[in-house]
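Protein sequence lines, in the order shown, are assigned to chains A and B.
Take the position in the first sequence, starting the count at 1, then add 12; the result is the number in the working numbering.
Take the position in the second sequence, starting the count at 1, then add 132; the result is the number in the working numbering.
There's no promise every hint is true.
[Said to hold, decoys possible] Facing chain A, from chain B, some residues (calculated, C-beta under 7 Å):
hint	residue
1	Ile-163
2	Arg-205
3	Ala-209
4	Phe-211
5	Glu-216
6	His-217
7	Tyr-254
8	Glu-256
9	Gln-259
10	Gly-280
[To be verified] Below, in silico cross-link-like pairs of lysine to any residue (SDA-like), each with a Cα-Cα straight-line distance of 25 Å or less:
hint	chain 1	residue 1	chain 2	residue 2
11	B	Lys-219	A	Glu-138
12	A	Lys-101	B	Glu-216
13	A	Lys-188	B	Glu-216
14	B	Lys-219	A	Glu-85
15	B	Lys-187	A	Phe-218
16	A	Lys-180	A	Asp-129
17	A	Lys-80	B	Pro-191
18	A	Lys-139	B	Pro-191
19	B	Lys-187	A	Tyr-102
Hints listed in this document are in silico derivations from the structure and should not be mistaken for laboratory results.
If you're wondering where the values come from, they're calculated on a predicted model, not measured in any experiment.
Quick reminder that beta carbons are idealized off the backbone N, C-alpha and C, glycines included.
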Amino acid sequence: MYTKIITEEYIRERLKNGLRDDSRSPFTYRNITIKTGNMPNAEGSAEVTLGNTTVIAGVKVDVGTPLKDKPEEGSIITSAELSPMASDKYEPGPPTPEAIEISRVIDRGIRAANVVDTKSLYINEEKVWNAYIDIYAVNYDGNIFDAGTLAAIAALSTSKMPRFEDEKVVRENMGKLKINAISTSCTFAKVAGHILLDPDGNEEAFSNVRLTIANDEKYIRAMQKGLGGSFTPKELDQMIDMTFNKSAELRSSIKHAIGD
Amino acid sequence: MDKVELMIDGKRIDGRTADQLRPISIVANPIRNAAGSAYIEWGANKIFAAVYGPKEALPKHTSDPEKAVIKCRYTMAPFSSVEEHGKPGMNRRAIEISKVTAEVFENVILLNKFPGSEIDIYIEVMQSDGGTRAAGITCAAVALAASGIPMRDLPYAVSAGKVGDTVILDLNKIEDNYSDADVPVAICPRKKEVSLLQMDGNLTKDEFDTALNMIINSGSYISQLQIDALKKPYEKIEERYL
């Protein structure tokens with residue numbers, strides 16, 4: 013496979029005319045595809061492509077013990093696996109700080125927006141259901157945050173729900189996992205002084221600061237600034253507006269994919 | 133273990149005959165970042181393989197001044213089985229499979245062309261239904277060929293086993309759980325040499341011969357699927373210029 017070598021200089025020159033390498037304007041997403049149910053062994057699954065970025069999310073629902081501070085509800089557990097198959101910048105081994113940040117940011121957006129009805133995951137005083145969300149990077153070309161969130165939400169929204177009978181988990185004739193809401197996220201990167209929505213791999217490589225905003229129709233649900241640079245309050249304001257504007261598009265992509 | 137009836141009137145639980153493979157489809161180069169990659173659907177198994185390199189072998193003590201080293205990593209996604217949520221990463225089973233898989237490819241890659249380098253092979257099982265190591269090897273062979281790394285042969289792998297007194301080819305998960313024997317084998321088809329062989333359970337010598345014959349006889353079909361997958365991306369280009 014051939015790779016185009018791109019320099020910071022080139023990105024800067026293109027942006028002077030308001031254009032990115034793939035001729036996108038600064039606040040446009042790449043082409044998004046969402047396919048659900050592609051891994052039927054999992055209770056829920058989804059494959060999302062964002063341009064050349066591909067991720068697969070799988071949901072497994074299993075019995076666990078309730079947390080001390082939440083005795084009457086189950087939990088969600090989110091992990092991001094930056095598999096070395098996805099890029100030569102990912103190495104095999106235990107999760108890197110980057111993978112942990114991605115999984116925690118995706119987790120916060122889903123948790124804060126009450127996407128999963130965790131009260132419905134209660135079984136009895138000793139047992140609750142836990143929904144495990146695993147997000148796999150298959151091909152990296154930037155913005156795993158938004159692709160991962162889309163995949164996680166699409167997988168959760170189509171996830172089945174095992175039954176607990178005679179102290180056993182039964183994975184036949186499963187019902188549906190109860191979902192309250194849909195949340196999405198928008199990730200921005202600043203490259204050569206320009207703020208860009210949905211940065212691709214080259215743009216991320218030359219970016220010095222990044223912001224992810226997770227939201228639903230009404231509220232901002234989670235935010236995370238990353239990397240060494242900084243934003244002005246005015247820039248934050250602009251990105252929040254843009255997020256509310258763009259998330260309608262993302263929500264309708266998810267709703268279309270889950271047949272809602 | 134409960135006894136489960138795996139053969140009824142000469143048909144298996146999924147309707148196959150004893151020496152029939154599950155449906156297999158292979159796509160070459162689905163992962164753009166990799167030097168070569170492949171995706172295989174083998175029955176309900178869904179597996180990616182990606183190859184990176186040859187590149188400088190690091191850390192330095194792993195490098196060999198005479199030839200390339202193969203680093204293979206087979207893992208299963210935590211959501212890949214119908215049962216409970218698995219643990220991500222490498223367990224002892226995955227470490228063993230990674231090792232024997234690397235050895236299959238050490239046998240066919242022209243390692244001395246790349247002294248001091250490493251070639252990384254990643255096999256990621258997204259969904260499992262028995263026979264993932266064999267499907268993974270078949271898939272990784274396509275990924276390696278797609279990367280252009282020179283090889284003497286294009287290996288394939290498939291497992292055979294035994295239920296009751298019947299030797300069967302390509303066990304699915306349920307058959308694997310209740311079978312009396314399981315024999316995954318990799319074959320280098322040009323010389324019909326065996327480059328992976330594992331077995332557990334019980335087999336007579338005759339049963340082993342039957343199993344190995346089934347594996348070798350299924351080879352021309354699997355090899356053809358591998359070759360077709362490798363040719364496919366180039367057929368499209370030809371159409372465009374016609």
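These are the hints, each one checked on the structure:
The interface hint given for B:Ile-163 is met, as the beta carbon of that residue sits about 5 Å from the closest beta carbon of chain A, less than 7 Å. A least Cβ separation of about 5 Å between B:Arg-205 and chain A falls short of the 7 Å threshold, and the interface hint therefore holds. The criterion of a C-beta within 7 Å of any C-beta in chain A is met by B:Ala-209, whose closest approach is roughly 6 Å, and the hint holds. Because the smallest distance between the Cβ of B:Phe-211 and any Cβ of chain A comes to about 3 Å, under 7 Å, the interface hint for this residue holds.
A distance limit of 7 Å between C-beta atoms decides the matter here; for B:Glu-216 the minimum to chain A is near 5 Å, and the interface restraint holds. The restraint placing B:His-217 at the interface with chain A holds, with a minimum CB-CB distance near 4 Å, inside the 7 Å limit. Taking 7 Å as the C-beta cut-off, the interface hint given for B:Tyr-254 holds, the closest approach to chain A being about 4 Å. Restraint check, B:Glu-256 versus chain A: the minimum CB separation of about 5 Å is within 7 Å; hint holds.
Checking B:Gln-259 against chain A by beta carbon gives a least distance of about 5 Å; that is within 7 Å, so the hint holds. Interface restraint check: B:Gly-280 against chain A, minimum CB-CB distance 10 Å, threshold 7 Å, status violated. Between B:Lys-219 and A:Glu-138 the alpha-carbon distance is near 23 Å, which keeps this suggested pair within the 25 Å criterion. Taking the CA atoms of A:Lys-101 and B:Glu-216, the gap is near 31 Å; set against the 25 Å cutoff, the hint is violated.
As the CA atoms of A:Lys-188 and B:Glu-216 are separated by approximately 17 Å, the hinted pair is consistent with the 25 Å bound. Note on B:Lys-219 and A:Glu-85: the hinted pairing holds, with a Cα-Cα distance of about 23 Å set against a maximum of 25 Å. Taking the CA atoms of B:Lys-187 and A:Phe-218, the gap is near 24 Å; set against the 25 Å cutoff, the hint holds. For the suggested pair A:Lys-180 and A:Asp-129, the alpha carbons sit about 22 Å apart, so the restraint of at most 25 Å is met.
For the proposed pair A:Lys-80 and B:Pro-191, the alpha carbon gap of about 44 Å is over 25 Å, so the pair is violated. At roughly 46 Å between alpha-carbon atoms, A:Lys-139 and B:Pro-191 are farther apart than 25 Å, so this suggested pair is violated. Straight-line distance between C-alpha atoms of B:Lys-187 and A:Tyr-102 comes to about 15 Å, which keeps the hinted pair within the 25 Å bound.
The structure fails hints 10, 12, 17 and 18 (numbered hints given earlier, in ascending order).
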